[in-house]
Amino acid sequence: MAQTKPRAGRKSGGNSAKAKATSKASQALPGSLTPEDLVEIFTRMVLARTTDERIWALNRQGKVPIAASSQGHEAAQLGSLLAAEKDGDCFLFPYYRDLALKMAAGLTPTQVMLSFMGKAGEPYSNGRQFPLQGADLPNKIIQISNVVSAGLTQATGYALGCKMLGEKTVVLVYFGDGGTSQGETHEAMNFASVHGLPIIFVCENNRYAISVPQAQQMAIDDISSRSAAYGFPGFSVDGMDLLQCYEATREAINHARNQGPVLLEMRVERFMPHTTDDDDRRYRPADEVEAARKFDPIITIGNILIEQGTLDQKKVDDIKAQAQQAINEATDAADAAGLPDVSTIHDMVYAP
Amino acid sequence: MPEMTVIEAVRDAIREEMERDSKVFVLGEDVGKRGGVFLATQGLIDDFGESRVLDTPLAEASIMGIALGAAFRGLRPIPEVEFADFVWPTINQLIGEAARTCYGTNGAVPVPLVVRIPYGGGIRGGLFHSQNVETHFFHTPGLKVVAPATPFDAKGLLKSAVRDNNPVVFLEHKKTYRLVRGEVPEGEYTIPIGIADVKRQGSDMTVVSYGLTLHYCLEAAEQLSLEGVNVEVVDLRTLTPLDTETVLESVKKTGKLLIVHEDNITGGVGAEIAALVAEQAFEYLDGPVSRLCGLDVPTMPFAVNLEEAYMPDTDKVVQALRKLAAY
Ligand SMILES: Cc1ncc(C[n+]2csc(CCOP(=O)(O)OP(=O)(O)O)c2C)c(N)n1
Ligand SMILES: [Mg+2]
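Residue numbers (my numbering), protein chains in the order written: chain A, 1 to 352; chain B, 1001 to 1327.
Just chain A, with the same shape it has in the complex (with noise of 0.2 angstroms):
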């Protein structure tokens, strides 16, 4: 039976020069972003965790159907994404366990919850889909399902479109490690690669595919590496570490903007079962997790902070108890919300 490697025995940096380089600035912040940058996004890191956290027990008191988590995956999802955001022109496919990502790109805390209780007025698709899946164009974002790897094509092609219409957009697109054996994933890399797109492959691999660890999946360590077949430039990073991820993300925006397709792989931790539905303790060793948990960014952040005098502790305590309140308003406030009109369902089968 083919095993996963824990995480302390990996070697890090993959095929990437870049990764060894930015993981020793990871104390020290890279020149473009400054302190008050950092604290922002640890504050939206701690409200999409906490979030997440309340999600789970919200299911289990039977008021959320279902969800997956993005726990363990937030520096990935918000280095990334802070990254685009100080770009300003990025377009962003993310896939369904990017709630961190999806919130962070500017939904409140209400919207969120609405999208999960299926409540009118949920700001990706009125309450028909999963929760945050359909669409936020506000927030520069398309997920039109969950169906694994079917964004990555679809991403490639507004790409396309990007370029023939003149504009300087980079795609972002989302996925795990078992979304890279989809054929449409190979499909999707080539096309970018034969026109030179302007598009990111952010692989976020956990290493594993609901139960399928990545030995089953695939008999290479380095996904990055598979970029080199289509020839573009591919890098592993540590997706624990959210500088590196910002740093390394940074770089494709402008690698993708003026000369094409970059895949990036984030070596993450998933730290709660596959979803809701799901119970991991009959495919993975229980220390797994628990090791992976010495590396949770929020830890790391938080530490990175106190260290360089940014924050003292009140003040991370402070910004966990905010996120709280918030939580328990968001909470109150979809509680309370009413369902869809029943009368829309047949609405917007087609375009008006």
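Fair warning: there could be bad hints in the mix.
Claimed, not checked - Subject to a maximum C-alpha distance of 30 angstroms in a straight line, what follows is the list of computed DSS-like cross-link-like pairs (lysine-lysine):
no. : chain 1 : residue 1 : chain 2 : residue 2
1   : B       : Lys1023   : B       : Lys1033
2   : B       : Lys1252   : B       : Lys1316
3   : A       : Lys63     : B       : Lys1023
4   : B       : Lys1199   : B       : Lys1316
5   : A       : Lys294    : B       : Lys1033
6   : A       : Lys86     : A       : Lys63
What the hints assert, rightly or not - One side only, chain A facing chain B, incomplete, derived with CB under 8 angstroms:
no. : residue
7   : Gln182
8   : Ile210
9   : Val316
These are computed hints drawn from the structure, not numbers from a lab.
Ideal Cβ positions, reconstructed from N, Cα and C, are used throughout, including at glycine.
Since chain A is already given, all that's left is putting chain B with the ligands on it; use the hints.
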């Protein structure tokens, strides 16, 4: 007789067929160590090993193509599509290739494979975990399509499907998996593919259904019996080949027909049955052939009230039957 759930019946059938024939094997996402996301293959990897219970990479097109190729070589694969909603990448291999293989080789290459597909809604699955996909296969000659509603039928039909030399699409309604319990005889039995089952005898009206909605029809028939109306409930069990004889016989007896399914109404299985009855039992009809089906929207929505609006249920069947009874 012992009672079991639909999922247990499915698991038993796979296990028995794997024990009986070493050419039978299982492949799909999470079917090994995890035992499938619905636990249909739970324990099989322990008893039959990794060589006959394959956890595949996440790629449905290859799951189907590889199953097809193994069937060409004489094995009897049981690929699983994790949810019906993810069957679309298999369509090239399943509808495009497998369905045409026997015809296209003039019978030289049989395709003894069964693709198991958990389908259907009413479980707050939204657009991508609730889909009814049967009509696409129902429309395709060369495929057999089976859609049982009870543990007894699921087990007997799955065993027949594994022994069949044609590609069989085996549809398991997710909501029935743990909700529906029933008696299943101990030991070996099979149920032939292509034979409907009259699940309740009646003389006043016929209701035809399959899968989850069959149970709503049975409950509705029970209610109507209290109003003095005797409803006959026909469970198709197999969609292809369709047991036209049982349907026509029932309609000729009762003169009234309601067809109930969860799939969209337009171009669905019900439309075909309505056409059949109009052509072959016209002079026996005593009321309009009626349908109660899913709405013509791209899958039922997530919000609880929208999902309810989409789904047929016992109340809706009762209303439809009363309306028909009034003729
Ligand atoms: C096409 C398709 N097949 C199967 C599924 C069921 N499924 C949902 S998530 C998942 C595993 C995905 O793993 P990965 O891509 O590594 O992402 P992760 O959940 O680990 O972030 C599977 C098999 C699906 N959603 N889409
Ligand atoms: Mg994964």
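Going down the list of hints, with the structure as the test:
{"no.": "1", "hint": "B/Lys1023 with B/Lys1033", "verdict": "21 angstroms, holds"}
{"no.": "2", "hint": "B/Lys1252 with B/Lys1316", "verdict": "24 angstroms, holds"}
{"no.": "3", "hint": "A/Lys63 with B/Lys1023", "verdict": "46 angstroms, violated"}
{"no.": "4", "hint": "B/Lys1199 with B/Lys1316", "verdict": "19 angstroms, holds"}
{"no.": "5", "hint": "A/Lys294 with B/Lys1033", "verdict": "27 angstroms, holds"}
{"no.": "6", "hint": "A/Lys86 with A/Lys63", "verdict": "36 angstroms, violated"}
{"no.": "7", "hint": "Gln182", "verdict": "5 angstroms, holds"}
{"no.": "8", "hint": "Ile210", "verdict": "5 angstroms, holds"}
{"no.": "9", "hint": "Val316", "verdict": "36 angstroms, violated"}
Checked against the numbered hints above, the structure breaks hints 3, 6 and 9 and satisfies the rest.
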